[in-house]
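Please put together the full structure from these sequences, using the hints given.
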Amino acid sequence: MKKKKEHHEEHVDETWLIPYADMLTLLLALFIVMFAMSKVDQQKLQRLSAEFSVIFSGGSSVMAEGGTSSTAVVQSEAANAGTATEKSNTEKEEDAMNEVKKNLESEIQSKGYSDKVKIELNKEGLEISIQDAVLFNSGDAQVLKTVNPLLVEISNMIKGLDNEIKVVGHTDNVPITTSKFRSNWDLSAMRAINVMNFMVGSGGVNTDKISIQAYGEHRPKYSNDTAEGRAKNRRVEIFIIRKYTQQTQTTTNNQTKTNSTTTNQTETTTSHE
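In numbering that gives the first Met the number 0, the protein residues as written are 0 to 272.
The set of hints was computed from the structure by calculation and includes no laboratory data.
We treat Cβ as the ideally placed atom computed from N, Cα and C, and that holds for glycine.
Please note that a few of the clues may not be correct.
[Unchecked claim] Derived SDA-like pairs (lysine to any residue); straight-line CA-CA distance at most 25 Å:
1. K220 x T244
2. K115 x M189
3. K117 x K179
4. K165 x T225
5. K179 x N193
6. K100 x G200
7. K158 x A230
8. K101 x I17
9. K100 x N88
10. K100 x N196
11. K208 x I240
12. K117 x S87
13. K220 x E163
14. K158 x Q141
15. K122 x T244
16. K117 x A28
17. K101 x M156
18. K242 x M156
19. K144 x K91
20. K91 x K110
21. K91 x L120
22. K158 x N147
23. K165 x H217
24. K110 x N88
25. K110 x Y243
[Stated by the list, open to error] Estimated spans, in silico, between C-beta atoms of each pair:
26. S87 x T24: 41 to 47 Å
27. D161 x L23: 53 to 59 Å
28. L26 x T244: 29 to 35 Å
29. S87 x G203: 26 to 32 Å
30. R46 x E119: 49 to 55 Å
31. K144 x H217: 27 to 33 Å
32. A226 x N196: 15 to 21 Å
33. F34 x E163: 49 to 55 Å
In structure tokens, the structure reads:
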């Protein structure tokens, strides 16, 4: 007897599944890119980058050809975040200085120094100007004990600020030559030093934050032609220096405009692509 031929089942060719899967993967990538183009933000870029990393086994770039555009957007987002912080710091500093100014004005008025101690908030910072008659005897640099409470109060109000403090000495234009002081420069310097030393020793101001300057007669605010003007020019100024100046703010605003323009151009380029 002849053996019956065994019939084997035919296997269906499934190799078409591989290109089909590749096509679906590419379509998925296309839809992700189209979705990202609609509105680009940092979180979306991170999600998009993660998707491509999975699809292409570790790819960290969102768009191989358009990497520069994506980088510009991310840099813009980071710059804008920095701008917000800068504005916040400027506003906080301004609020703190205004608070100190308000409290000092109240303290000065209560102690009867309103006509001889002036406080001004200007572009350099908070300026406390004290006429020499409040602080010293004529032609001397020793700080009077009567003004100690005021200097302690000023020190207490400003030592908590994270700002540099500058003590500046000034005189009128009347020449001085004594055994202690050879010139108005010497007198103004020693007065500034003694006020600084008191603020550090009795007021608790950090030595790392305070310094002195002396100008003698060379930075008058008022005319030296009158006795009243000369009295106002003989002064010690205590400056709380701004950390965040108006110039810094202007530069930041200009940078923001530049970043905004870059972002708009990037989005326009991406939409055309």
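Legend entry - Structure versus earlier hints, numbers of those that do not hold, lowest first: 3, 4, 7, 8, 12, 16, 19, 20, 24, 25, 28 and 32
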